[in-house]
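*Asks:* These are the residues of each chain, in order.
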Amino acid sequence: MSSQTSLAGAPTVAELLIWPALIAYGEAALAYAGELRGPGLAGRLGTWGVRVGWLAQSALLIAQAIDTEGFPWGTWAGALNLFVWLVVGAYLIWGCRPRYRLLGLAVMPLAVVLLVAAWAGGGTGAAARDEPGALLAIHVGLMLAGFAGLTLAAGMAALYLWQERRLKRRDSRLFRLRVPPLDSLDRLSARTTLVSLGVLTAGIAVGLTSFRRGDFDAAMVVTLGIWAATAIGLVLRRETGLRGRRFAVLLVTLLGLVAVVLPLTHFAS
Amino acid sequence: MKLALVGVSHHQAPVELRERVAVDVAGAAALARSLANGCEAVVLSTCNRTELYLASEHDAPLDERGAEALIELAGDQGGALASVVYRLGDDSAALHLFRVAAGLDSLIPGEGEILGQVRDAFDTGFPGPLLDRLFRQALHAGRRARVETAIGESPASVPAAAAALAQQVFDELGGRNVLLVGAGKMSELTARNLRSRGATITAVANRTLEHGENLARQLGARAIGLDALACELGDADIVVSSTSAREFVLDAAAASASLRARRGRAILFVDLAVPRDIDPALAGIDGCFVYDIDDLEAVVEASLDSRRVEAVRAERIVALEAERFREWHASLVVVPAITSLHARAEEIRSTELAKAEGRLGRLQEADRKLVEAVTSQIVAKLLHLPTVRLKEAAAAADGVVYADVVRHLFGLGEDEQQS
Numbered sequence: 000m001s002s003q004t005s006l007a008g009a010p011t012v013a014e015l016l017i018w019p020a021l022i023a024y025g026e027a028a029l030a031y032a033g034e035l036r037g038p039g040l041a042g043r044l045g046t047w048g049v050r051v052g053w054l055a056q057s058a059l060l061i062a063q064a065i066d067t068e069g070f071p072w073g074t075w076a077g078a079l080n081l082f083v084w085l086v087v088g089a090y091l092i093w094g095c096r097p098r099y100r101l102l103g104l105a106v107m108p109l110a111v112v113l114l115v116a117a118w119a120g121g122g123t124g125a126a127a128r129d130e131p132g133a134l135l136a137i138h139v140g141l142m143l144a145g146f147a148g149l150t151l152a153a154g155m156a157a158l159y160l161w162q163e164r165r166l167k168r169r170d171s172r173l174f175r176l177r178v179p180p181l182d183s184l185d186r187l188s189a190r191t192t193l194v195s196l197g198v199l200t201a202g203i204a205v206g207l208t209s210f211r212r213g214d215f216d217a218a219m220v221v222t223l224g225i226w227a228a229t230a231i232g233l234v235l236r237r238e239t240g241l242r243g244r245r246f247a248v249l250l251v252t253l254l255g256l257v258a259v260v261l262p263l264t265h266f267a268s
Numbered sequence: 000m001k002l003a004l005v006g007v008s009h010h011q012a013p014v015e016l017r018e019r020v021a022v023d024v025a026g027a028a029a030l031a032r033s034l035a036n037g038c039e040a041v042v043l044s045t046c047n048r049t050e051l052y053l054a055s056e057h058d059a060p061l062d063e064r065g066a067e068a069l070i071e072l073a074g075d076q077g078g079a080l081a082s083v084v085y086r087l088g089d090d091s092a093a094l095h096l097f098r099v100a101a102g103l104d105s106l107i108p109g110e111g112e113i114l115g116q117v118r119d120a121f122d123t124g125f126p127g128p129l130l131d132r133l134f135r136q137a138l139h140a141g142r143r144a145r146v147e148t149a150i151g152e153s154p155a156s157v158p159a160a161a162a163a164l165a166q167q168v169f170d171e172l173g174g175r176n177v178l179l180v181g182a183g184k185m186s187e188l189t190a191r192n193l194r195s196r197g198a199t200i201t202a203v204a205n206r207t208l209e210h211g212e213n214l215a216r217q218l219g220a221r222a223i224g225l226d227a228l229a230c231e232l233g234d235a236d237i238v239v240s241s242t243s244a245r246e247f248v249l250d251a252a253a254a255s256a257s258l259r260a261r262r263g264r265a266i267l268f269v270d271l272a273v274p275r276d277i278d279p280a281l282a283g284i285d286g287c288f289v290y291d292i293d294d295l296e297a298v299v300e301a302s303l304d305s306r307r308v309e310a311v312r313a314e315r316i317v318a319l320e321a322e323r324f325r326e327w328h329a330s331l332v333v334v335p336a337i338t339s340l341h342a343r344a345e346e347i348r349s350t351e352l353a354k355a356e357g358r359l360g361r362l363q364e365a366d367r368k369l370v371e372a373v374t375s376q377i378v379a380k381l382l383h384l385p386t387v388r389l390k391e392a393a394a395a396a397d398g399v400v401y402a403d404v405v406r407h408l409f410g411l412g413e414d415e416q417q418s
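Quick note, the sequences are listed as chains A and B, same order. Once you know that position 16 of the first sequence is 15 in numbering that gives the first Met the number 0, the rest is easy, because the numbers rise by one and skip nothing. Once you know that position 93 of the second sequence is 92 in numbering that gives the first Met the number 0, the rest is easy, because the numbers rise by one and skip nothing.
Don't read these hints as lab results, they were simulated from the structure. Only a predicted model underlies this, so the values are computations on that prediction, with no experimental measurement involved. Please note: incorrect hints may appear among the correct ones.
Here are the in silico distance ranges between beta carbons for each label pair [claimed, not checked]: (1) Arg168(A) x Glu15(B): 39 to 47 Å; (2) Asp226(B) x Pro262(A): 32 to 40 Å; (3) Gly115(B) x Glu238(A): 52 to 60 Å; (4) Asp226(B) x Thr239(A): 50 to 58 Å; (5) Gly174(B) x Glu238(A): 37 to 45 Å; (6) Arg190(A) x Arg206(B): 18 to 26 Å; (7) Lys167(A) x Ser33(B): 56 to 64 Å; (8) Leu135(A) x Gly115(B): 28 to 36 Å.
All C-beta atoms in this analysis are idealised placements derived from N, C-alpha and C, irrespective of residue type, glycine included.
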């Protein structure tokens with residue numbers, strides 16, 4: 000039986016699944032804020048919120064795929080929905096470890112805001128789309144996965160800058176919170192950036208196969224700019240020792256570019 | 000079964016008395032062996048306490064036996080020791096051990112060593128069913144307290160704070176280079192703490208090269224003069240300084256060139272000296288973290304405050320585990336009655352089946368097995384609820400009464416009495 004109900008106007012399964020996902024993500028965001036008071040139950044509740052929310056969102060994406068003819072995440076709102084799922088999925092890899100729980104404080108509120116935006120833009124329900132072709136679907140998937148990785152790397156970089164500031168200021172309550180060591184955050188954010196750049200490169204390469212003259216727009220320019228800046232940052236890290244604070248600032252700046260410029264150029268084009 | 004605890008600890012006994020009864024792991028094992036004559040015995044001995052845990056099925060005066068052993072161990076101080084010996088029994092003794100394992104009875108709440116010491120005591124002791132359960136559950140309670148609260152996470156001494164800070168910057172300290180400036184006691188302690196966590200002491204810089212060489216030899220490092228200090232900064236990850244110099248040993252002007260050449264690679268300066276050895280202006284350089292003795296003491300103070308807060312949460316966990324142990328311990332009262340009840344029911348079932356053997360003999364083998372299974376299931380289902388209720392009654396301290404009622408109603412043990 001299809002998840003589309005036969006009653007006119009009745010919500011689809013996909014439209015219903017957004018709520019458990021949103022509630023669980025919201026609970027996780029609040030619980031991680033509670034973790035700031037000290038490690039314990041709040042952090043564990045936060046991790047469970049992420050797990051439950053991610054499973055609910057996975058079910059939502061599956062329901063969307065079943066209900067929709069063609070590629071359901073071709074719109075900006077649909078893409079945002081998929082992007083949130085990828086970001087939270089990548090966070091889950093580390094987020095389950097107690098020391099990385101506070102990273103959830105950077106990731107989960109963002110996930111909630113973006114998922115609400117996706118829902119408001121109609122990206123979480125079923126919608127009939129034109130058949131986009133497998134290559135375009137792979138291109139969109141890879142680009143979103145690449146940006147999701149960069150977002151997570153920037154989240155780690157933000158955590159690095161925060162923790163470095165606490166260390167520089169010689170905060171006597173430094174050990175009250177479980178935060179990963181600076182060196183781990185630096186290495187992990189660099190690795191995540193490297194993997195994301197690989198995925199982004201693959202996405203761009205797939206996109207180029209179906210590229211036609213006249214398709215070039217501002218969003219592509221910004222995307223290529225971000226790709227180039229990321230690649231240069233990694234090369235500088237390897238060759239000139241751009242690491243620690245300076246690398247973290249670069250990643251956070253890149254995320255700022257992604258967050259501000261990409262939507263602007265997308266809607267402008 | 001009875002449980003008794005006899006001990007002395009830092010709460011009542013001064014070190015002069017505690018040292019009289021302190022024993023090493025081998026001594027604890029020998030003492031436990033000598034006490035385990037007809038009972039279970041485990042001896043826990045640390046620098047803060049010596050405690051004897053004894054258990055027996057019989058109403059033996061366990062605490063007397065334990066107290067005599069401790070007083071004998073104290074020799075001519077036996078009289079003084081007798082006045083500070085504490086004795087606890089059953090639930091109180093269990094709760095005490097759980098608090099000890101969780102680090103709640105320690106001088107510094109949540110200190111890390113005690114859990115291993117409890118494990119050693121258990122491994123070298125002579126536990127039976129009661130002490131085996133007690134110590135396993137105590138170790139579980141101790142682990143839970145450390146995992147579910149932050150009681151053991153923050154450093155509780157200046158050397159430990161320095162090492163924890165280093166781990167907060169570098170994660171694992173294996174492969175990290177430590178440069179020691181000055182050969183003072185505090186810097187040596189800090190260096191040893193760092194080394195125990197995997198760091199390598201590469202060089203000891205001292206004004207008097209001879210003093211530096213002695214310490215360097217002990218730590219497997221090179222001895223250098225203070226004039227070579229700036230050159231060493233390129234390879235060092237952690238610098239621990241504690242000299243009696245009146246001026247900065249490492250000032251920003253002299254060190255900044257070496258530090259900038261590190262291109263942001265992190266370096267931690269731990270300045271334990273008063274007056275300070277390291278120019279605080281170095282903290283302005285990218286990747287440099289400078290901590291002086293006041294900063295470290297503030298970290299320790301905040302840690303102890305945090306540990307006290309976490310101790311309240313750990314107490315709840317310990318109380319929960321102690322309650323679980325109490326329920327299990329109380330259920331031991333009804334175990335013989337439950338065993339007898341099940342044996343009696345099985346005896347009736349077997350007897351009745353044997354009586355019907357003449358008619359059952361005509362059945363196929365499969366049908367006979369079915370009859371066996373059905374009758375066993377009936378017995379099991381009939382006895383399930385009484386068994387559960389008996390255990391609940393035992394947990395609520397009515398176990399003895401209920402066990403007597405069951406024995407009376409089902410005539411358990413009457414045959415033995417008649418014979």
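*Asks:* State for each hint whether it applies.
*Replies:* Okay, the hints, checked on the actual structure:
For the hinted restraint 39 to 47 Å between Arg168(A) and Glu15(B), the CB-CB distance of approximately 45 Å keeps it satisfied. Checked against the hint of 32 to 40 Å, the pair Asp226(B) and Pro262(A) fails, with Cβ atoms roughly 59 Å apart. In this structure, Gly115(B) and Glu238(A) break the distance hint of 52 to 60 Å, their C-beta atoms being roughly 47 Å apart. Between Asp226(B) and Thr239(A), the C-beta spacing of about 31 Å breaks the proposed range 50 to 58 Å.
Judged by the Cβ atoms, the range 37 to 45 Å given for Gly174(B) and Glu238(A) is violated: they are separated by roughly 23 Å. The hinted window of 18 to 26 Å between Arg190(A) and Arg206(B) is violated, with their beta carbons roughly 44 Å apart. Checking the proposed 56 to 64 Å range against Lys167(A) and Ser33(B) shows it holds: the Cβ atoms sit about 58 Å from each other. For the pair Leu135(A) and Gly115(B), the beta carbons lie near 60 Å from each other, so the given range of 28 to 36 Å is not met.
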